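Here's the letter readout for the chains.
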Amino acid sequence: MFTRILKLEWKSFFRSANFTKGIAIKIFLAFFALYLMVCFAVLGAGSYFFVAKAVPTVDPLLTVCRYIVIWFLADLLIRFFAQKLPILNTKALMVIPIKKKTIVHYLLLKSNISAFNIIPLFFFFPFSVVLLVKGYAITNVLFWLLGMVVLIQVNNFINFIINKSNLYFYVIVGVLAAGVLMQYFGIYNIIFPVGGLYFGLYKQPFFVLIPVGVLVLFYGINFKHFLQHFYLDDGVLAKKEKVVTSSEFSWLNRFGDVAPFLKNDIKLIWRNKRPRMTVVMSSLMLFYGLIFFTNPVYGEGGATMYVFAAIFITGMFIMNFGQFIPAWDSAYFNLLMSQNISMKQYLNSKRILLLLSVVVLTLLSLPYFYFGWKIGVLLLVGGVYNAGVNIPALLYLCTFNKKRVDLAKSAMMNYEGMGVAQWLMIIPMILIPMGVFSLISYLVSFNIALGVLFFLGVTGLILQNYIFTKLVGVFKKRKYVMVIGFQQK
Amino acid sequence: MIVSENISKIYGSNTVLEIEKFEIKKGQSIGLVGNNGAGKTTFFSLLLDLIQPTTGTIENNGIVVSESDSWKGFTSSFIDESFLIGYLTAEEYFYFIGELRGQNKADVNALISQFSDFFHDEILGKKKYLRDLSKGNQKKVGIVAALIGNPEVVVLDEPFANLDPTTQIRLKEIIKELTQNKAVTVLVSSHDLSHVTDVSDRIVVLEKGKIVKDLETNAATLTDLEMYFSN
Chain Z
1 MFTRILKLEW KSFFRSANFT KGIAIKIFLA FFALYLMVCF AVLGAGSYFF VAKAVPTVDP
61 LLTVCRYIVI WFLADLLIRF FAQKLPILNT KALMVIPIKK KTIVHYLLLK SNISAFNIIP
121 LFFFFPFSVV LLVKGYAITN VLFWLLGMVV LIQVNNFINF IINKSNLYFY VIVGVLAAGV
181 LMQYFGIYNI IFPVGGLYFG LYKQPFFVLI PVGVLVLFYG INFKHFLQHF YLDDGVLAKK
241 EKVVTSSEFS WLNRFGDVAP FLKNDIKLIW RNKRPRMTVV MSSLMLFYGL IFFTNPVYGE
301 GGATMYVFAA IFITGMFIMN FGQFIPAWDS AYFNLLMSQN ISMKQYLNSK RILLLLSVVV
361 LTLLSLPYFY FGWKIGVLLL VGGVYNAGVN IPALLYLCTF NKKRVDLAKS AMMNYEGMGV
421 AQWLMIIPMI LIPMGVFSLI SYLVSFNIAL GVLFFLGVTG LILQNYIFTK LVGVFKKRKY
481 VMVIGFQQK
Chain V
1 MIVSENISKI YGSNTVLEIE KFEIKKGQSI GLVGNNGAGK TTFFSLLLDL IQPTTGTIEN
61 NGIVVSESDS WKGFTSSFID ESFLIGYLTA EEYFYFIGEL RGQNKADVNA LISQFSDFFH
121 DEILGKKKYL RDLSKGNQKK VGIVAALIGN PEVVVLDEPF ANLDPTTQIR LKEIIKELTQ
181 NKAVTVLVSS HDLSHVTDVS DRIVVLEKGK IVKDLETNAA TLTDLEMYFS N
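Protein sequence lines, in the order shown, are assigned to chains Z and V.
Note that our numbering gives residue 413 to position 413 of the first sequence, counting from 1, and the numbers run on in steps of one.
Note that our numbering gives residue 157 to position 157 of the second sequence, counting from 1, and the numbers run on in steps of one.
It should be emphasised that the hints constitute simulated quantities derived from the structure, not laboratory data.
All values derive from a computational prediction rather than experimental measurement.
Beta carbons: idealized from backbone N, C-alpha and C, even for Gly.
Any given hint could be a false lead.
[Unchecked claim] The calculated lysine to any residue pairs, modelled on SDA-like cross-linking and capped at a C-alpha distance of 20 Å, are: (1) Z:Lys110 with Z:Leu268; (2) V:Lys127 with Z:Leu268; (3) Z:Lys344 with V:Lys127; (4) Z:Lys344 with Z:Thr469; (5) V:Lys126 with V:Gly73; (6) V:Lys105 with Z:Leu262.
[Said to hold, decoys possible] Short derived list, chain Z residues pointing at chain V, Cβ under 8 Å: (7) Phe31; (8) Tyr35; (9) Thr139; (10) Leu355.
Next up, chain Z with everything else stripped away, as it sits in the complex (with noise of 0.2 Å):
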């Protein structure tokens, strides 16, 4: 019965529409985890030797244990965001006979597979032979390195268990925000106890019956919890859905006609996961200055990584949410193409949207003058930069757009919606300025290319009405594929 399921997922894999599209990024995930492994293998190969010379009067290898408390914490927090439990096409299979047992058995093995519990495997095959060739006993370290993978996928059920409640998420974090501090201040010292036990695997190698006994034991809550609510109307096939509060937005009427559409982005970024994560992750990057700007080595050279640094930080939004303009619409997009609006008074909206970010940003990180009137007046030009030339670029990028965006999907690892587009964007958003302002400040000065990016930004504010005109002209003729493409799911 396994075989015959794995033969309807193959062909779910190579004949799904978005198999032949795509190829790139498919690519690049696969140079992705490629490099995430080799990094992992270095690590492994190499953290004994980095171990033993840091703290030379341990034993490298409890060293490890001690720290790897935390490395299974946080691997626990990256699934929580990240993994989820594969779904075949269930609805389908309910119905017809094969035993639930052997359905569920199927998902649950099926979660075996997967970058979170391979990649890690390429830390400890490593680190095990490097213990051997030091002379460690083969068959404890066998043991141990057989515990690891075990926790390795403890840490893979655990994670569908606790996956159902954002309390939990908190939990861990409270746990390792905890010991972190509690470590910090030496109030209590958390990771040598725990690393004893990590340890104790090594020394006693009949203790890996322990988290084998904890594997089988979540093994069986998952099996249990599924098979219990393997219904359409219950556990993970059911739809969940959510008491919803009406907001006004009344604050926004003020922008005239593009209103309505304002208020429609804030609910869209607020009431959908990929939009609203990928508005969380551009705030965060407020947060970037603080490696850039304490660190003096990117001041040498002219401060172009500043220039950089200025322009990342006031322009994350456009970037992060501007790329998917107008794909964000794509659900709805010929309800919006054949409403009572202009192409201009729609994009427009876009536009203002998108200002108000470069607007709150740049005044966000005026704190960031704490660090040099320099750095400030650079936040500041490149909010000028991102409003004046960033802005009409990316909405001239955006007309190529035509990949459809699921709103309910994660945005983490999500390359849906990914085009050329996408690619394109860095060159006249970041590579340009920072040559522009590296030439400039070469040849001439600091100041004067200061003036030349605030100047080129001033000029689009000046022209924008003019681009913008253009930018209608070339979206209108885009539109027809774009309602093409965003029907393809």
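Given chain Z's structure and the hints, the job is docking chain V onto it.
Then chain V, alone, in the frame of chain Z:
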């Protein structure tokens, strides 16, 4: 009101629509019938400028639809769920459409209050997103939204499909009321011959992209159509 000249839509070598001349007078209610693939939705999409014709033009009240946006002010439509915004509640959706069509909240409320029996207590005040409503209820929302803002042309694709019998009957009344004063032009497509003959005063039969019958509705129309489709 609507004049289409020489309109055709060809995908590759496949002609999905080819109509020489098709004219709809103001206040007429037109029923478009035909089997799957006859070109009904294609015609509506052309009329709403969602796809480009291979040849020809469609004029809506003298405006060539692909050249200007101004027909949108007096035309409203509900084709499928791509006309609904899933993350809004029904009320929010109505108000949004209202705002686009120059209607304030009170206007919209006055209009939708007429449809409380049509909604059957399953839509208003439910605090649910449209994406969480059943297909039938979604359809009701879409149809009523297409009536907001006193449109002169209303386009409904398959409005009877997915509705329960009570609502189908009520929808027929709504469409009849709409065309009573001969001020509103209504275009309806349907697979349900009896419903569509009930509400239309002219029936156009499409087959493989061509108009094969164009009838004024009378007592014999339904039997005519049944004869035609059973062959």
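Tested hints:
Taken as a hint, the Lys110 of chain Z and Leu268 of chain Z pair is broken in the structure, with Cα atoms around 34 Å apart against an allowance of 20 Å. Taken as a hint, the Lys127 of chain V and Leu268 of chain Z pair is honoured in the structure, with Cα atoms around 16 Å apart against an allowance of 20 Å. Our distance criterion of 20 Å between C-alpha atoms is broken by Lys344 of chain Z and Lys127 of chain V, whose separation comes to about 32 Å. Proposed proximity of Lys344 of chain Z and Thr469 of chain Z is supported: the alpha carbons are some 8 Å apart, at most 20 Å.
Distance check on the hinted pair: Lys126 of chain V and Gly73 of chain V sit about 30 Å apart at the alpha-carbon level, beyond 20 Å; violated. With a C-alpha separation of about 17 Å, the suggested pair Lys105 of chain V and Leu262 of chain Z falls inside the 20 Å cut-off, and the hint holds. Look at Phe31 of chain Z: its Cβ only gets to about 34 Å from chain V, farther than 8 Å, so that hint breaks. With a least beta-carbon distance of about 36 Å to chain V, the hint placing Tyr35 of chain Z at the interface is violated under the 8 Å criterion.
Given hint, Thr139 of chain Z at the interface with chain V, is violated; its Cβ is 57 Å from that chain's nearest Cβ, farther than 8 Å. Look at Leu355 of chain Z: its Cβ only gets to about 21 Å from chain V, farther than 8 Å, so that hint breaks.
Hint compliance for this structure: hints 1, 3, 5, 7, 8, 9 and 10 are not met, and every other hint is.
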